[in-house]
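So the protein lines, in turn, are chains R and W. Sequential numbering from 247 applies to the first sequence in my numbering. Sequential numbering from 3 applies to the second sequence in my numbering.
Heads up, a few of these hints could be off.
The calculated PhoX-like cross-link candidates involving lysine-lysine, where the alpha carbons are at most 25 Å apart (straight line), are [claimed, not checked]: (1) K231/W x K272/R; (2) K328/R x K97/W; (3) K97/W x K304/W.
In case anyone wonders, no lab produced these hints; they're calculated from the structure.
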Amino acid sequence: MKKIFIISLLAVAVTVVISCSDIKRKPGRVYMPDMAYSRAYETYSVTEQDREELEKKGIHYSNIPVPGTIKRGELFPFALAKDKDGDSTNYVASKQIHNPLPALDSVHAVEAERLFLVNCGICHGSKLDGNGPLYKGGEGPFPAKPAQLVGDAKYESMPEGQMFYSITYGKNKMGSYASQLDSRQRWMVIQYIKSKQSAGKASAAGSDSTATAKK
Amino acid sequence: MHYLRLIARNLFLSILLLTVISAGNSLMAQDGKALFQSNCASCHNPIKVVTGPALKGVTDRVPDSKLLHAWIKNNAAVLATGNKYFTDLYNQYNKTSMNLFPNLSDAEIDAILKYVNSYQAPTAENGGGGATATQTESDNSLLYGILTIILAVIMLTLLQVNSNLRKLSDDKEGIPAAEPIPFYRNKSYITLVILLLFVVGGYYLVQGAIGLGRTKNYQPEQPIFYSHKVHAGINQISCLYCHGGAWESKHAAVPSLNVCMNCHAAINEYSGKEKLYREDGEEVDGTQEIQKLYSYTGYDPKSGKYTQPGKPIQWIKIHNLPDHVFFSHAQHIRAGKVQCQTCHGPIQEMNEVKQFAELSMGWCINCHRTTKVDFPDSTGNNGNKFYSIYEKFHKDIKAGDSITVEKIGGTECQKCHY
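Using the sequences and the accompanying hints, generate a full structural model.
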């Protein structure tokens with residue numbers, strides 16, 4: 247009788263130890279839930295159902311801004327709308343639009359490079375060679391080759407306005423970056439690309455001249 | 003005169019020879035793959051529909067090679083002749099016109115077509131290196147527990163044997179046996195048990211009370227198996243690409259779905275070499291998870307259009323701070339230059355995100371106490387210029403090298419409670 251008791255106790259202990267999983271799928275208990283979890287509606291905490299109920303009460307929370315809203319400090323909005331499928335009127339017209347920003351100073355140049363590396367480098371490559379980690383010469387997961395911004399005559403001669411159109415509305419398999427970069431940042435990135443392109447041209451010309459000099 | 007003519011003829015011949023050789027070289031060096039990647043790959047993939055159709059088997063679909071060559075060189079001219087196949091194709095792809103390639107020679111086009119038709123999808127290697135690594139992580143605590151129980155049983159048996167032996171020897175020597183007391187009324191046993199209960203119970207009680215409201219290691223199952231390891235680790239996407247809010251504001255921000263679709267409009271299957279596993283070892287089909295994203299966004303990968311209305315994904319929030327704590331991501335990563343991994347752990351290795359830090363007040367305070375402020379150096383270039391205001395304090399306190407965040411107000415109550 248005693249033996250059976252001891253053995254069963256051991257078995258229970260072992261199963262308890264084994265069945266304790268260390269994956270924590272529940273957050274656990276808190277002292278005061280109304281203090282730990284905000285009573286106010288915080289960003290992202292409003293579900294669709296909550297939003298409907300709030301709207302019934304006349305509370306409009308985390309809605310899309312009214313069309314035409316311009317945030318403080320934002321540049322004057324881009325005049326061209328997105329082309330419909332199969333139409334390229336505005337894409338062509340965007341060539342005429344000029345960059346409203348002054349030339350990059352050293353502080354803004356650093357910021358523009360950061361913006362490019364964070365948002366664009368992943369596809370277009372940190373060297374702007376169209377071979378970022380997502381493409382990797384065809385080995386990466388992205389099925390299309392991203393534009394080679396330095397060294398391809400098409401992009402070197404592309405006007406800044408047309409680049410702005412492509413970043414704002416997307417082009418081919420590239421999506422719109424208007425939600426990640428505000429218009430000032432988009433122009434800064436374009437200035438960065440243009441500066442790299444002219445630097446690339448200068449270095450190419452430089453290497454050519456040295457090559458001829460050697461001959 | 004004759005001499006000059008000879009030189010001219012030699013020069014002409016050698017130039018001719020050179021051009022012939024170089025032309026021959028360029029013909030031989032026609033690498034279909036390189037040509038494809040430099041001319042076609044920005045819109046076409048051999049086996050996937052991108053901006054334009056998948057190209058493998060195009061010579062079967064358009065058997066007339068003359069027509070195909072004409073199309074590739076100048077598609078606008080072919081469209082103008084009203085060819086039915088190409089007109090339908092043009093309409094099917096939203097009337098996106100293909101670039102003109104008048105400079106491609108017939109031999110180059112043939113090399114491209116040969117490459118496209120012989121293209122094989124890179125096969126996923128079933129190495130499973132990651133899986134074995136996670137499963138071989140052994141946990142020794144179970145072993146120690148069993149050993150402890152065995153030792154305790156042995157100890158109890160030996161005690162029993164000892165008392166029996168003593169009883170036997172007492173009987174033999176004729177010493178009258180004392181009234182046997184059962185162990186549950188033995189005072190020393192009872193004291194020992196009470197002490198043990200007090201220590202063990204007290205330990206767990208205190209730990210449990212401290213742990214209330216702390217969600218360290220919280221790892222909920224999210225609506226979509228989004229692997230930070232695949233995105234931030236293997237594919238090296240910057241944290242700020244999706245969580246750009248961390249640079250600008252208090253919140254790191256969960257990206258809206260259009261950010262996902264920047265890449266996933268084109269990447270519609272998981273082709274990584276490494277298999278994906280949930281924390282409990284269940285295998286995950288990455289392609290299926292991308293399909294879930296399409297069901298939320300209402301995207302139809304076949305036509306490449308949004309056919310359904312989108313709805314947001316209700317991700318489960320892991321890191322929660324109570325209302326009475328103010329925490330700003332921007333302050334920490336821009337002014338403090340703290341890496342994401344300092345608080346979020348090796349996020350680029352996590353398939354499923356779990357809370358790495360305790361997020362307790364002591365944890366915050368400890369970091370503020372020990373983190374040294376990165377002042378600009380004498381040139382004023384390196385270091386963190388945010389703190390140049392404090393340089394004065396730095397110089398005032400001549401001891402100099404032990405200025406912590408606490409010293410410049412990092413543990414003021416109102417930094418967090420206001």
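Going down the list of hints, with the structure as the test:
| no. | hint | in the structure |
| --- | --- | --- |
| 1 | K231/W x K272/R | 22 Å, holds |
| 2 | K328/R x K97/W | 15 Å, holds |
| 3 | K97/W x K304/W | 16 Å, holds |
When the structure is compared with the earlier hints, no violation turns up for any of them.
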